[in-house]
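A.B. asks: Each residue of the sequence shown is one higher than the last, beginning at 1 in the working numbering.
A few of these clues could be false.
[Said to hold, decoys possible] Taking lysine-lysine pairs in the DSSO-like style, the calculated list, with each CA pair at most 27 Å apart, reads:
| hint | residue 1 | residue 2 |
| --- | --- | --- |
| 1 | K185 | K132 |
| 2 | K160 | K185 |
| 3 | K132 | K222 |
[Stated by the list, open to error] Derived CB-CB ranges, DEER-like:
| hint | residue 1 | residue 2 | range |
| --- | --- | --- | --- |
| 4 | A29 | L152 | 44 to 50 Å |
| 5 | I17 | E127 | 37 to 43 Å |
| 6 | L279 | D214 | 47 to 53 Å |
| 7 | E231 | L75 | 57 to 63 Å |
| 8 | L152 | P14 | 27 to 33 Å |
| 9 | G228 | T178 | 55 to 61 Å |
| 10 | S270 | F142 | 23 to 29 Å |
If you are wondering where the hints come from, they were derived from the structure by calculation, not from laboratory data.
Heads up, the beta-carbon is just placed ideally off N, CA and C, and yes, glycines get one too.
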Amino acid sequence: MWKFILRRVLIMIPQLIALSVLIFLLAKAMPGDALTGQLANSPKMDPQTLVELKTKLGLNDPLYVQYTRWVSRLLHGDLGVSYIHQLAVKDVLAERIGNTVLLSACILVLTYLIGIYLGLISGRWNESPADKLIVGYSYVSFATPLFIFALLMLFIFGFKLGWFPTGGSVNIQLEHGTVAYYLDKLRHLILPSLSGALISTVGLIQYLRSEIIDTKLKDFVKTARAKGVPESRIYTRHVLRNSFLPIAAFLGYEITGLIGGAIFLESIYSYPGMGQLFLQSIMQRDFSVVTTLVMLSGIATLLGTLLSDIILSAVDPRIRIE
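Kindly produce the complete structure, drawing on both the sequences and the hints.
C.D. replies: Here it is as structure tokens:
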């Protein structure tokens, strides 16, 4: 097992290098930069001052020099400075990363709770009216883009019914640390979390349903029935036990999917997290923040894939490459 994990970690090193080069080149291909944006917003800044600032900040250096300097700073924990916020990038991220982690965790928990519950019903009583209803729901969810579904949820439950807040992460008038503060924070989380979870359950439901149906037809299940084992025990001891194991491998891939989903959800619900910051930084051409966020997302994706491979290898040792 440890050899397998070490091999996968070593494979990640060239992937990280290639990712960093790609991110840097794509960021440099963006039209303009934060300083040209400041020039457009500040008539007092003349072009000569802009040239001097670019030279001082090294923005006119060759690309390989800028890339080397950027990687060197990353390795030393220096993420650079946000020209728009006039703060260190790590300080800008510190204000938002907690909200994104909390939102992603809520979506992940709800995804597994809803997906496993519906998958169990659909698989055990397949071809029943409940199964057909769940399968129909999964098809509709699969065909519905996340941003469309999130907008509908916001319009119905936020604006029309007024059950949930339509933006923000907490009421700023509440005192931090009080019970009312945390309850209001939870209330702000419900709508975006449900929007993300209800769309993310499709793969989990379909996979668990297929696993249960396939397992029900295996010989060891038929043997248990022939011996007179109660149906409830057959499902708990044989069918579900074997069907649940591969589901654990979805955890890593669900984490990677949450990264992209957070961008849409945080923008639609005006939720102050890293996804919203990412879009704002692109619009404002804040090079340091954009590259850092994309790099962190890439690392999280690689770690999520690694986690899935580790879980799969623990569940089924046959996939390990010795």
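A.B. asks: I want to verify a distance hint. Is the separation of the beta carbons of G228 and T178 within 55 to 61 Å?
C.D. replies: 58 Å, holds
A.B. asks: Can you let me know if the beta-carbon spacing of I17 and E127 is within 37 to 43 Å?
C.D. replies: 51 Å, violated
A.B. asks: Do the beta carbons of L152 and P14 sit within 27 to 33 Å of each other?
C.D. replies: 43 Å, violated
A.B. asks: Given a hinted range of 44 to 50 Å, is it respected by the beta-carbon distance of A29 and L152?
C.D. replies: 35 Å, violated
A.B. asks: Quick check on a hinted range of 23 to 29 Å for S270 and F142, using CB atoms only.
C.D. replies: 27 Å, holds
A.B. asks: Check the following: the C-beta atoms of L279 and D214 are separated by a distance inside 47 to 53 Å.
C.D. replies: 42 Å, violated
A.B. asks: Starting from the hint 57 to 63 Å, judge whether the C-beta atoms of E231 and L75 obey it.
C.D. replies: 59 Å, holds
A.B. asks: Are the Cα positions of K185 and K132 separated by 27 Å at most?
C.D. replies: 36 Å, violated
A.B. asks: Going straight from one Cα to the other, do K160 and K185 come out at no more than 27 Å?
C.D. replies: 21 Å, holds
A.B. asks: Are the Cα positions of K132 and K222 separated by 27 Å at most?
C.D. replies: It holds: about 25 Å lies between the C-alpha atoms, which stays within 27 Å.
In summary, the numbered hints that this structure violates are 1, 4, 5, 6, 8.
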